[in-house]
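> Input sequences plus hints: build the corresponding full structure.
2 protein chains.
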Amino acid sequence: MKYGFAKRVTHMQSSAVRDILKVVNRGDVISFAGGLPDEKLFPIDEVKTAFDQAMSSSPKVMQYGETEGVPALREQLAERMAVKEIHRDPENILITSGSQQAIDLFARVMFNPGDIILTENPTYLAALQVFQSYEVQVIPVESDEDGMIEEDLETKIQQYKPKCIYIVPTYSNPEGKVWSLERRRLLLKLAEKYHTLIFEDDPYGDIQFDEETVPPIASLDDNKYVMYTSTFSKTVVPAMRTGWITGPHQIIRMMSQAKQATDLHTNSLTQHALVHLLREFDLDAHIHKLQKVYKERMHVMKDIFDRGGDTLPIRYKVPKGGMFFWVAMPESVNTKELLNQAVDNGVAFVPGAPFYVNNPAQNTMRLNFTNSEPEVIEAGMKRLVEVMSEPIIG
Amino acid sequence: MKYGFAKRVTHMQSSAVRDILKVVNRGDVISFAGGLPDEKLFPIDEVKTAFDQAMSSSPKVMQYGETEGVPALREQLAERMAVKEIHRDPENILITSGSQQAIDLFARVMFNPGDIILTENPTYLAALQVFQSYEVQVIPVESDEDGMIEEDLETKIQQYKPKCIYIVPTYSNPEGKVWSLERRRLLLKLAEKYHTLIFEDDPYGDIQFDEETVPPIASLDDNKYVMYTSTFSKTVVPAMRTGWITGPHQIIRMMSQAKQATDLHTNSLTQHALVHLLREFDLDAHIHKLQKVYKERMHVMKDIFDRGGDTLPIRYKVPKGGMFFWVAMPESVNTKELLNQAVDNGVAFVPGAPFYVNNPAQNTMRLNFTNSEPEVIEAGMKRLVEVMSEPIIG
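As given, the protein sequences belong to chains P and E, one line each in that order.
All letters in the first sequence, in the order written, are residues 1 to 394 by the UniProt record's numbering.
All letters in the second sequence, in the order written, are residues 1 to 394 by the UniProt record's numbering.
Everything labelled a hint here was simulated from the structure, so no lab data went into it.
Since the structure is predicted, the reported quantities are computational estimates derived from the model, not experimental observations.
One should not assume that every hint holds.
Pairs involving identical chains hold if they fit within one copy or between any two copies, as the list cannot separate such chains.
[Unchecked claim] Below are the DSSO-like pairs computed for lysine-lysine, each with C-alpha atoms no more than 30 Å apart in a straight line: (1) Lys320 / Lys292; (2) Lys48 / Lys292; (3) Lys7 / Lys161; (4) Lys60 / Lys48; (5) Lys189 / Lys84; (6) Lys292 / Lys189; (7) Lys295 / Lys7; (8) Lys193 / Lys289; (9) Lys48 / Lys224; (10) Lys189 / Lys60; (11) Lys189 / Lys224; (12) Lys336 / Lys60; (13) Lys317 / Lys161; (14) Lys7 / Lys156; (15) Lys224 / Lys156; (16) Lys2 / Lys156; (17) Lys292 / Lys224; (18) Lys7 / Lys40; (19) Lys40 / Lys156; (20) Lys7 / Lys302; (21) Lys7 / Lys84; (22) Lys189 / Lys2; (23) Lys48 / Lys189; (24) Lys2 / Lys224.
Given below as structure tokens:
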């Protein structure tokens, strides 16, 4: 039988990254492809204790829960965000099944087919997937290393009247970029001027490598123009699938109603465990440890690139945080083809093209440095540098 | 600021049931409103052990997982479904965040605005919410206590060319009804004849009170026409938010891709815990215990109705399983108004109207008997019968 699918999914594609992950999970390929934290750094004993405490506290933690999320967790999140000067009431926080669901629910309640969203180019590809699935038109704005460029941004806001501007301004995926404070202020000013929403996706903000902290855009806003989402996936463990989003009450309320229909509520046993974890575990100390370890690994990767010197035809920026190196090869190189050679040589990365809204730079690639220990990074980079130094130009 | 929402959510309403739950959770109201299992019957120690085993097995259980679900769990589910003669490959099973998400993902990949689905009337209201959110037109089919009536069903299939027929054929919500085998076969025959899908929602199938088992419709199908979903929410614990769906490979594959964009994957720590639980815990023995206890509670409720005799102006059918009594008062009674009197008298139920696609019977109500112990049911029913016996007719 032939099944008739909805128009919204006819162009849906499986995530390039996840498909690559399936391939490289076999055998002895060293993978820099996924956006995975290192499971050896997971606070397993503490998570175990937290689940134990939650399950011992009351059978009610295993019962159906509120769609908005466990109240105690929302209070803790309000407190944690306040440290970053994002002051939001717990009632304006919605717990989601990872921050991916925050993007999806937001898109679901906001966008009609044909509505417009502005993004950077490249940007987080699974956000692009969500927008495409709601038939939203994604328009890229020119950026440099400090963020979107004022003139192009204002021109495109005027021209396209976007409902929203989606960005990952802090240690971005895939570029590892940080928006300057000035550009953050500018973006917010334009959002206010043209009554456009900003969606600040901040999964990596805590994975910071240098002293200089740039404030989240949400901290500059009076809860009118900025939706802010983050997650415990990079700082605690991904398998818990617990993220959150905060923003104007009307929107959070509408998203909660949509969430009722979507999955009733996020796994509340896990939410209760997180309540205990945040109470008894020094998550900030753990985050400092992650910062230190991941920074070292970033430097292992960087040093190998640098040692390559002129024989290694690449350009990159040193990431100030996050989980990725974004690398450009000479324009004659197609990294999708290079990936085949790389996998043959026992190493994998993600080609950069799928992260682009349009005009993909086929010579780019994303490398993850958080999931592998230094000696594995060295071994993998050796294999990668071999391939990079003599790419077969297609 | 005024925010412009998507057309699909402009008519979205918060679930009547969940709103009532919020009210009745305060104070000393005895609630028959929610569809809650009894948390005193949760296998807490076993769930605790299962989480402990999962977390001790490998740090990988806390890492990102596959969108389709943990392979070992999908294998166990294939085995469990095979006992019910539903023979499906694990690769045609998708793990979802509760069976609610199975309904949502199915709707997301199948329906364009204006597409048509046939349902019973009344039916599961949160499914109606999902369909409405995708702007699907829901057409009710006439039913009696054995299921949809052949003539009306075939006429409406011919007239409306529905993409799907959604049903809860076993211990339905809200009616507590079981479709006869004959009607199940008939439905499948018509689905085959007209190339229409059947969505068999089976959250309550295990909560069975008598010996007679009617086979799931999926067990009669060669994995061509029937989507089948169920959940651990009623048999293990709801807070885990773990359900599953099986059906034709093309559809399951498309739903998996949609799930990537929606929430990447369902909480995999919980999935791994379920793998251990299903290995080491006799879930079937536990289900037998639930059947026994819930059947007793159903009888406590029934006996009080019966004692009311002629002075109690109600009609009901004895449920053969599931979690609900569906009760009709005289037509002059509006149960939404009666609810106010009931809550004043310290007891709550769900008025029947929101479960209807159209022509709501305002005199109906749904009573849950699984969440309260017998003495609480007695106390609550005493309060309810007082209100029922002398309703203020509006």
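> Are the hints correct? Go through all of them and say.
Each hint tested on the structure:
no.	hint	in the structure
1	Lys320 / Lys292	within (12 Å within a copy, 60 Å between copies)
2	Lys48 / Lys292	within (24 Å within a copy, 34 Å between copies)
3	Lys7 / Lys161	both (25 Å within a copy, 18 Å between copies)
4	Lys60 / Lys48	both (19 Å within a copy, 14 Å between copies)
5	Lys189 / Lys84	within (20 Å within a copy, 61 Å between copies)
6	Lys292 / Lys189	neither (35 Å within a copy, 64 Å between copies)
7	Lys295 / Lys7	neither (44 Å within a copy, 45 Å between copies)
8	Lys193 / Lys289	neither (41 Å within a copy, 63 Å between copies)
9	Lys48 / Lys224	neither (39 Å within a copy, 43 Å between copies)
10	Lys189 / Lys60	neither (46 Å within a copy, 44 Å between copies)
11	Lys189 / Lys224	within (12 Å within a copy, 55 Å between copies)
12	Lys336 / Lys60	between (50 Å within a copy, 28 Å between copies)
13	Lys317 / Lys161	neither (33 Å within a copy, 57 Å between copies)
14	Lys7 / Lys156	both (28 Å within a copy, 24 Å between copies)
15	Lys224 / Lys156	within (21 Å within a copy, 48 Å between copies)
16	Lys2 / Lys156	between (42 Å within a copy, 22 Å between copies)
17	Lys292 / Lys224	neither (35 Å within a copy, 53 Å between copies)
18	Lys7 / Lys40	neither (43 Å within a copy, 46 Å between copies)
19	Lys40 / Lys156	neither (45 Å within a copy, 58 Å between copies)
20	Lys7 / Lys302	neither (44 Å within a copy, 48 Å between copies)
21	Lys7 / Lys84	neither (41 Å within a copy, 35 Å between copies)
22	Lys189 / Lys2	between (51 Å within a copy, 17 Å between copies)
23	Lys48 / Lys189	neither (45 Å within a copy, 50 Å between copies)
24	Lys2 / Lys224	between (47 Å within a copy, 10 Å between copies)
Checked against the numbered hints above, the structure breaks hints 6, 7, 8, 9, 10, 13, 17, 18, 19, 20, 21, 23 and satisfies the rest.
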